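K.L.:
Take a look at the letters that make up each chain.
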Amino acid sequence: MTMPSHLTLPSAADLAAVSASRTARWRPGLRDASHSEVFAGSAECAGAAVALSLALDDWRMRERPETGEAEDRRAVLWVQTRAAVKLGGRPYRPGLPREVSHRLIHVIAEKDADALFALEEGLRCREIAFVMGEVVGNPKALDFTASRRLSLAAERHGVKLWLVRLDARPDLSSARLRWRVEAAPSSPHGPNTQAPGTPAWHATLFRARAHAPGEWILTDDGRALSAARSRDENAAPYPVDLVRRTPGRSLAAV
Amino acid sequence: MPRRILSIWCAELPVDRWRLCSGTGRGEGADAGPLVLIAETAHGPRIEAVNPAGRAEGARKGMMLADARTLCPRIQTMPSDPAGDLDFLEKLALWSRQWGPWSAMDAPDGVLVDVTAVAHLFGGESSLLADVQARFASRGLVARLAIAPTAGAAWAMSHFGPERAILGAGCDVVARLSDLPVTSLRLDEDVLVVLRRLGLKTIGQLAGVEEGERQDGAGRDSLHRRFRNRKSPAANPLVRLDQLAGKVPEPLLPVIPQQMPLVQRRLMEPIRHRALLDTVVSDLAEDMVRELEGKAQGARRLELGLWRVDGEVILRVLELAAATRDPSHIVRLFAEKLEDIDAGFGIETVRLRASWAEPLALEQADIEAAAERHGTSLSACLDRLTTRLGPKAVRRPVPHGSHIPERAQRWQAPLDPEPARQEEMRFHARPLKLLDRPEAIAVLYATPDGYPKRFRWRGEVHEVAKVEGPERVAPEWWRSRSATRLRDYYRIEDQAGRRYWIYRHGLIGDGRGGAPEWYLQGLCA
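Chains as they are written, first to last, in this note's numbering: chain A, 1 to 254; chain B, 1 to 525.
Don't read these hints as lab results, they were simulated from the structure.
Be a bit skeptical, because a hint or two may be false.
The calculated DSSO-like cross-link candidates involving lysine-lysine, where the alpha carbons are at most 27 angstroms apart (straight line), are [said to hold, decoys possible]:
hint	chain 1	residue 1	chain 2	residue 2
1	A	86	B	392
2	B	91	A	111
3	A	111	B	392
Being a predicted model, the structure only gives us computed values, none of them experimental.
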């Protein structure tokens with residue numbers, strides 16, 4: 001990062017604008033995270049589901065290049081370690097969102113290092129729309145250097161990465177957005193009110209580069225991702241304590 | 001346009017070839033006297049081919065040499081070479097393509113050429129035959145020729161018909177060939193024995209049995225019953241007869257010349273170090289790419305052979321997801337495969353062969369400066385993944401026609417086309433992920449045939465808050481054993497909002513095992 005010289009120092013008005021934009025909370029369709037991490041428990045499928053929803057939301061909002069085709073035909077790469085398959089199963093095509101089901105390429109890596117290799121290769125590929133990864137715990141191979149490599153590859157080639165961290169504690173990482181996700185009671189959908197309805201998740205954005213952290217209830221009805229403010233609607237507008245509470249402050253997310 | 005097939009029978013191919021190889025003219029030198037080509041068998045040497053002088057003395061193909069010697073003690077012998085004959089025939093089949101767009105080998109001593117709609121180029125079919133005969137004669141080969149609408153008829157006419165026979169497009173083939181022996185149907189030896197015992201000696205008699213007794217319903221039926229278990233054409237005279245008449249198609253395998261792109265480096269000094277080997281491999285990759293580019297092809301399978309000084313040969317094979325002609329990609333993939341090479345006392349020859357190549361159009365080089373940012377193509381990415389993780393690790397799910405959930409999805413190679421199928425049913429909600437193996441759960445339920453109130457999975461107790469179901473999935477009776485139990489699926493949500501897909505395996509009192517068991521199979525979003 002280059003130090004700004006005194007000639008290019010931002011003016012007070014610029015600073016105010018930047019401050020205002022940073023205070024704007026995350027909302028669906030706000031896209032600037034090339035590398036996100038989603039922390040979730042393995043017993044629920046919430047991590048993968050939220051990652052997929054966020055990725056699809058980002059994909060729907062992305063503008064198509066003028067010269068490009070009307071339909072995006074690029075593949076989706078989903079990398080799982082063997083341990084993640086064992087804990088949470090593997091993608092099931094009849095249950096996948098329609099946009100993804102026919103373009104999914106699934107990779108099973110025996111070792112964590114192999115999974116990182118597969119993720120990076122996917123990020124370098126111009127014919128892949130986005131990359132999803134599922135890694136269990138805090139593997140040694142996924143240190144800060146490795147996550148920085150992933151971030152750089154994602155930024156350089158414009159392919160976004162959603163990495164699901166199952167049963168992991170937040171460690172050092174260069175991910176631009178870091179979420180903690182749990183399942184939330186679903187909202188009724190359809191005539192049967194006793195049935196599980198539209199999936200909902202309780203998502204906490206605890207580390208972000210350009211956003212203030214916050215909590216949301218995310219719901220995905222298959223067409224769009226909507227975010228409602230969580231229970232603490234009337235809490236402080238800038239929940240500083242949320243930031244402080246999280247361990248493992250990321251160096252890159254300054 | 002009716003098909004016209006030219007059958008060329010090199011009646012004396014082994015002898016002709018021996019004559020060509022030994023450089024003697026017809027009837028000169030060793031060929032002047034009786035001469036036979038022999039093959040060693042368990043019962044002693046047997047005659048495989050005879051020259052004209054030998055035939056005049058009474059030697060025949062298939063005789064034991066000892067028998068021929070009693071007829072003609074001064075007979076000369078030479079070893080026969082069936083493999084060489086086959087190789088020669090292959091070249092002959094390619095050479096014969098000058099008279100038609102494609103040709104097929106008719107081992108051991110014939111060639112079939114498709115001359116449909118090309119005879120006018122040679123001035124009609126009779127002058128075409130004259131041309132073929134003259135060309136074969138100038139090569140020192142005896143050829144018997146025939147043109148007919150089907151391969152079977154052409155073969156029969158060339159072997160048993162008059163010289164340079166032509167069967168017209170509209171004529172009744174079976175009637176014209178009725179005087180030929182049943183041997184001309186290209187049948188197996190034991191079938192010929194059966195036909196001889198039945199008294200059927202000519203094609204006409206065989207066809208007569210088929211037609212003549214049709215009135216009393218015996219005809220073809222009785223023959224058909226006799227040969228009902230013979231499926232291969234060479235073992236069933238009825239199939240051969242239909243092929244002869246053109247009622248049943250007879251596929252012929254065309255001969256297509258192919259050359260595998262192959263490049264190699266012989267090294268002045270045997271190499272023992274990896275860095276040098278990498279240089280050689282990248283040189284070879286460049287050569288190979290140039291070779292492939294000339295043919296507008298891309299490699300799908302590459303074989304790298306390393307010849308060691310001590311006589312060992314190390315082989316490394318690479319399969320690619322899509323045809324490629326990118327030297328750096330090839331080098332990078334081979335680099336992973338060369339990790340464990342033991343050079344021994346050194347490697348003296350390195351050879352790269354593209355044993356499988358596919359057409360790949362030439363493309364313009366990437367002239368944009370943004371090419372760097374563009375990244376790799378999907379096939380290159382998949383190649384790298386499969387090279388490191390193995391081909392089984394990279395796959396894509398495809399739907400499969402089954403209502404059993406775990407069978408409704410299969411895995412296939414990522415770039416293979418999806419199988420054709422009907423649109424899947426969308427009115428059942430399915431989970432996002434499926435466990436590889438359903439996990440048993442302990443369930444507390446209100447009524448034995450209802451949904452559970454509470455269950456324990458992986459040591460944690462879940463209260464069921466919302467439920468939908470059951471969706472009954474019956475066993476596939478056409479596949480499963482009758483003891484397979486049906487399943488009742490429930491989509492449930494626990495108190496924390498976690499959504500699962502569970503099922504009860506069986507019903508109470510269905511007579512297929514004890515109390516029903518509960519399993520958790522899927523995780524919904």
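K.L.:
Indicate, hint by hint, whether the structure satisfies it.
P.N.:
For each hint, the structure was consulted:
| no. | hint | in the structure |
| --- | --- | --- |
| 1 | A:86 <-> B:392 | holds, 17 angstroms |
| 2 | B:91 <-> A:111 | violated, 53 angstroms |
| 3 | A:111 <-> B:392 | holds, 15 angstroms |
When the structure is compared with the earlier hints, a violation turns up for hint 2 alone.
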